[in-house]
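J.: Take a look at the letters that make up each chain.
Number of protein chains: 2
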Amino acid sequence: MNSKKNFFELIKTDNQARLGKIKTLKGTIDTPAFMPVGTQGTVKGIFVDDILKTNTQIILGNTYHLFLRPGLDILKNVGGLHNFMNWHKPILTDSGGFQIMSLSKFRKIDKNVGAIFSSHLDGKKIILSPEKSIQIQKVINSDILMVLDECPKLTNDKKVIANAIDISTNWAKRCKVEFNNAKNKFLFGIVQGGLFNDLRNESLEKLLEINFDGFALGGLAVGEKQDEMFKVLNGITKKMPNDKPRYLMGVGTPSDILGAVKSGIDMFDCVIPTRSGRTALAFTWGGKINLRNAKYKNDKSPLDENTKLRDLNKYSKSYLNHLTNTNEILASMLVSLHNINFYQEFMREIRTKIKEGTFSAFYKKYIGMYK
Amino acid sequence: MNSKKNFFELIKTDNQARLGKIKTLKGTIDTPAFMPVGTQGTVKGIFVDDILKTNTQIILGNTYHLFLRPGLDILKNVGGLHNFMNWHKPILTDSGGFQIMSLSKFRKIDKNVGAIFSSHLDGKKIILSPEKSIQIQKVINSDILMVLDECPKLTNDKKVIANAIDISTNWAKRCKVEFNNAKNKFLFGIVQGGLFNDLRNESLEKLLEINFDGFALGGLAVGEKQDEMFKVLNGITKKMPNDKPRYLMGVGTPSDILGAVKSGIDMFDCVIPTRSGRTALAFTWGGKINLRNAKYKNDKSPLDENTKLRDLNKYSKSYLNHLTNTNEILASMLVSLHNINFYQEFMREIRTKIKEGTFSAFYKKYIGMYK
Numbered sequence: 001m002n003s004k005k006n007f008f009e010l011i012k013t014d015n016q017a018r019l020g021k022i023k024t025l026k027g028t029i030d031t032p033a034f035m036p037v038g039t040q041g042t043v044k045g046i047f048v049d050d051i052l053k054t055n056t057q058i059i060l061g062n063t064y065h066l067f068l069r070p071g072l073d074i075l076k077n078v079g080g081l082h083n084f085m086n087w088h089k090p091i092l093t094d095s096g097g098f099q100i101m102s103l104s105k106f107r108k109i110d111k112n113v114g115a116i117f118s119s120h121l122d123g124k125k126i127i128l129s130p131e132k133s134i135q136i137q138k139v140i141n142s143d144i145l146m147v148l149d150e151c152p153k154l155t156n157d158k159k160v161i162a163n164a165i166d167i168s169t170n171w172a173k174r175c176k177v178e179f180n181n182a183k184n185k186f187l188f189g190i191v192q193g194g195l196f197n198d199l200r201n202e203s204l205e206k207l208l209e210i211n212f213d214g215f216a217l218g219g220l221a222v223g224e225k226q227d228e229m230f231k232v233l234n235g236i237t238k239k240m241p242n243d244k245p246r247y248l249m250g251v252g253t254p255s256d257i258l259g260a261v262k263s264g265i266d267m268f269d270c271v272i273p274t275r276s277g278r279t280a281l282a283f284t285w286g287g288k289i290n291l292r293n294a295k296y297k298n299d300k301s302p303l304d305e306n307t308k309l310r311d312l313n314k315y316s317k318s319y320l321n322h323l324t325n326t327n328e329i330l331a332s333m334l335v336s337l338h339n340i341n342f343y344q345e346f347m348r349e350i351r352t353k354i355k356e357g358t359f360s361a362f363y364k365k366y367i368g369m370y371k
Numbered sequence: 001m002n003s004k005k006n007f008f009e010l011i012k013t014d015n016q017a018r019l020g021k022i023k024t025l026k027g028t029i030d031t032p033a034f035m036p037v038g039t040q041g042t043v044k045g046i047f048v049d050d051i052l053k054t055n056t057q058i059i060l061g062n063t064y065h066l067f068l069r070p071g072l073d074i075l076k077n078v079g080g081l082h083n084f085m086n087w088h089k090p091i092l093t094d095s096g097g098f099q100i101m102s103l104s105k106f107r108k109i110d111k112n113v114g115a116i117f118s119s120h121l122d123g124k125k126i127i128l129s130p131e132k133s134i135q136i137q138k139v140i141n142s143d144i145l146m147v148l149d150e151c152p153k154l155t156n157d158k159k160v161i162a163n164a165i166d167i168s169t170n171w172a173k174r175c176k177v178e179f180n181n182a183k184n185k186f187l188f189g190i191v192q193g194g195l196f197n198d199l200r201n202e203s204l205e206k207l208l209e210i211n212f213d214g215f216a217l218g219g220l221a222v223g224e225k226q227d228e229m230f231k232v233l234n235g236i237t238k239k240m241p242n243d244k245p246r247y248l249m250g251v252g253t254p255s256d257i258l259g260a261v262k263s264g265i266d267m268f269d270c271v272i273p274t275r276s277g278r279t280a281l282a283f284t285w286g287g288k289i290n291l292r293n294a295k296y297k298n299d300k301s302p303l304d305e306n307t308k309l310r311d312l313n314k315y316s317k318s319y320l321n322h323l324t325n326t327n328e329i330l331a332s333m334l335v336s337l338h339n340i341n342f343y344q345e346f347m348r349e350i351r352t353k354i355k356e357g358t359f360s361a362f363y364k365k366y367i368g369m370y371k
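Protein chains in written order, with my numbering: chain X, 1 to 371; chain A, 1 to 371.
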C-alpha cells in the first residue's frame with residue numbers, strides 16, 4: 001500500500017485552488033491537469049509525438065469504444081493501449097458508464113447484473129457489469145481506472161438521481177473488489193447526485209466508506225448552466241478529502257476549468273479542444289476565434305505568434321481560413337494541435353498562478369473570455 | 001539568359017535513364033524527381049515540415065484550384081504560394097488545362113480566346129486564356145510554370161487530337177510571349193498527341209521551334225493501358241532534347257514511374273500516394289498493402305521497420321487497421337506521410353541505381369510489384 005500513499009501530493013493551496021502532483025509508474029502529472037481525450041486509441045487528428053510536445057502528461061481512453069474496437073483480443077495481444085497507440089505516459093480510462101448513457105441505442109440498468117445495452121455500431125447485445133468494466137480497463141492496462149457508474153441525464157427528479165446513487169454505490173463496491181488493489185494502478189470513485197447538494201454529499205460519504213485512490217465528479221456538464229455546476233462544485237469540494245485527487249469528468253471550456261480550479265478541482269478531460277479543432281474553432285489567449293469567419297481571409301497573423309510548438313506560429317489565419325473553406329484535413333490537424341497546446345499552456349499558467357498565490361487575478365481576467 | 005542555361009544539368013545516363021539536376025532560385029531538384037501534389041495549397045493530410053523531412057525537393061500546385069480558392073487577391077497580398085503555405089522550396093504549377101477537362105461542368109474551347117468554363121464550385125463563368133494562365137501562375141509565384149494546353153480525353157479520333165495540338169501550339173506561343181522570360185522562373189511546353197506517335201512528334205517539333213526551358217508530356221495516364229503509355233514514351237523521348245528536363249504529367253504508380261524513367265523521363269507528379277493514404281492503401285518495398293484487410297488486425301509489424309521518418313516505424317499494421325476501421329484522421333495522416341516518404345525513397349533508389357549503372361536490374365525487380 002506504500003506506493004499508493006504517495007500517489008497524490010498536495011503542494012500548495014491558493015484559497016481553494018490546489019497545486020499538486022500525481023505519481024504513477026508511467027510518469028508524474030502536475031495538477032491542475034488537463035487530459036486530452038483519445039476516444040478510440042488516438043487523440044483525434046494529432047500525432048502521438050506531437051501530443052507529447054504540448055507537455056501533455058496523461059491522456060484519457062474510452063473503455064466503451066476500445067472494448068468495441070479494436071476489442072480485447074487485440075489489446076491483450078499487444079499488451080495494452082500504451083503499446084497499441086505508442087503513448088508511454090499515463091492513461092486514465094473511464095468506465096464506459098457515460099457512453100452507455102449517451103451512445104447506445106437501447107439500455108437497461110440492472111443493479112445486480114450491470115448495464116445491458118446494444119452496441120451503437122452493430123446493435124449487438126452487450127452486458128457491462130462493474131466487474132467486466134474493471135477487467136476491460138485492466139486489459140487496456142490503464143494507470144488510473146474509474147468505477148462503473150450509472151450516469152443519469154440532467155433531471156430535476158430527485159428520485160431518479162437517488163436511485164442512480166444507490167446503483168452506483170453498489171457498483172463502486174463491486175469495482176473495488178474486482179480491482180483488488182492492483183499493483184501500480186489506481187481506482188477512482190465517481191460522485192453522482194445531479195444538482196442536489198444533499199445527494200452529492202450522500203454519494204461522496206458512501207464512496208469515502210469504500211475508500212478510493214481519488215474521487216471524480218460525474219453527471220456534470222450534461223446540459224446544466226455553468227453557474228449551477230459551479231454551485232455544486234463549491235458545495236461538494238469542501239467535503240472531499242484533501243489528500244486525494246479530485247477529477248471533474250468531461251469538463252470543459254477554459255472558463256469552466258477556471259471556475260472548477262477555484263473550487264479545488266485537480267483533473268479535467270474534454271473533447272472540446274479537438275472537436276473544436278475539427279470545426280475551425282480556435283482557443284487563444286485573446287479568446288475564441290472562428291476561423292470560418294470571412295474577416296480572417298486576409299489576416300496574415302498566426303493564432304499565437306509566441307507558440308514554440310513545431311512551426312504553428314508560421315501559419316496565418318488567412319491560410320487556416322482557406323484550408324477550412326476547402327475542407328482540407330490540414331485545417332483539422334493544425335487547429336486541433338493548436339487547441340491542445342493552448343489548453344496545456346492554460347493549465348501551466350493556472351499552476352504557476354496558484355504557486356505564486358495570484359490565481360484569483362488570473363481567474364478574473366479569463367473567466368469571461370471563453371463563454 | 002545565363003541562369004536559364006544552367007537550369008538543367010544531365011549528370012549521367014544509364015541506357016535511356018537519366019540522372020540530373022534542376023537548379024532554381026528556391027533550391028535544387030535531383031532528377032528523376034517526384035513532386036507531391038499540393039492541389040489547394042496543401043499536400044493533403046501532411047504538415048509542410050514533414051514533407052520536407054521526406055526529402056521532397058519540389059511540390060506541384062494547381063493553378064485552377066488556387067485561382068478559385070483562395071483567389072488572386074489573397075495570394076497577391078501574401079506574396080505568393082510559398083509564403084501562403086510555408087513551403088520555401090521550389091513549386092511547379094500546372095496551367096489549369098487538365099482541371100478544365102476533368103472538373104468543370106461546362107467548357108468551350110475557343111482558340112482565339114481560351115477556355116470558357118463554369119467553376120465546379122459555384123458555376124460562375126470563367127475565361128482562362130493562355131495569357132491569364134501565365135498571369136495567375138506569376139501571382140502564385142511558382143518557379144516552374146506550364147503553358148495552357150487543351151488536354152483532350154482519351155480518344156482514337158485522330159482529328160480531335162490534331163485539333164488539340166493546333167490549339168495548344170497557338171496557346172503555347174502566346175504563353176511564351178506573356179511569360180516574357182521572367183527572371184528566375186522557367187516555362188515548360190506540353191507535348192500532346194494522344195497515343196499517335198506521328199502527332200506526338202509533330203507537337204514536339206512545334207514546341208521546339210517556340211523553345212522552352214523544359215518539355216512535358218500531357219494527355220497520358222488518362223485511361224490508356226500502361227503498355228500503350230510506355231510505347232508513346234519510348235517513341236517521343238528519343239526526339240526530346242537532352243539538355244532540358246522532361247516531365248511526364250500526372251504519373252503515376254511506382255511501376256509507371258519505373259517504365260517512364262527507363263525511357264528517359266526526369267519529373268513526375270501524382271495524387272496517388274496521398275489519395276491512397278486516405279483510403280488506407282500503403283506503398284512499401286514489399287508491394288502494395290491494403291490496411292483495411294482483416295489479415296492485418298493482429299499484425300504487430302510496421303509498414304517499414306527501417307524508416308527513420310518521425311516515428312512511423314512504431315505504428316503497427318494492427319493499429320493502422322484499427323484507425324482505418326474507426327475512420328480516424330490519424331490513419332490518413334500516417335499512411336499519406338508514409339506513402340510520400342516511400343515514393344521519395346523509391347526515387348532516391350532510382351537515382352542511385354542510375355548512378356551505379358544498375359538501373360536495369362532495379363527496374364526488373366520492381367516493375368511488376370505495384371500494378
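No lab work stands behind these hints: they were computed from the structure. Please read all numbers here as calculations on a predicted model, not as lab measurements. Be aware that a few hints might be false.
Calculated pairs, SDA-like style, for lysine to any residue (alpha carbon to alpha carbon, straight line, at most 25 Å) [to be verified]:
#1 89(X) with 300(A)
#2 105(X) with 71(X)
#3 132(A) with 298(X)
Just so you have them, the derived chain X footprint on chain A, three or more residues with Cβ under 8 Å [unchecked claim]:
#4 146-155
#5 309-315
#6 327-333
The beta carbon of each residue, even a glycine, is placed where N, CA and C say it ideally should be.
J.: Against each hint, give a clear statement of whether it holds in the structure.
T.: Against the structure, the hints:
no., hint, verdict
1, 89(X) with 300(A), "holds (20 Å)"
2, 105(X) with 71(X), "holds (19 Å)"
3, 132(A) with 298(X), "holds (23 Å)"
4, 146-155, "violated (count 0)"
5, 309-315, "holds (count 4)"
6, 327-333, "holds (count 5)"
Violated hint: 4 only; the structure is consistent with all others.
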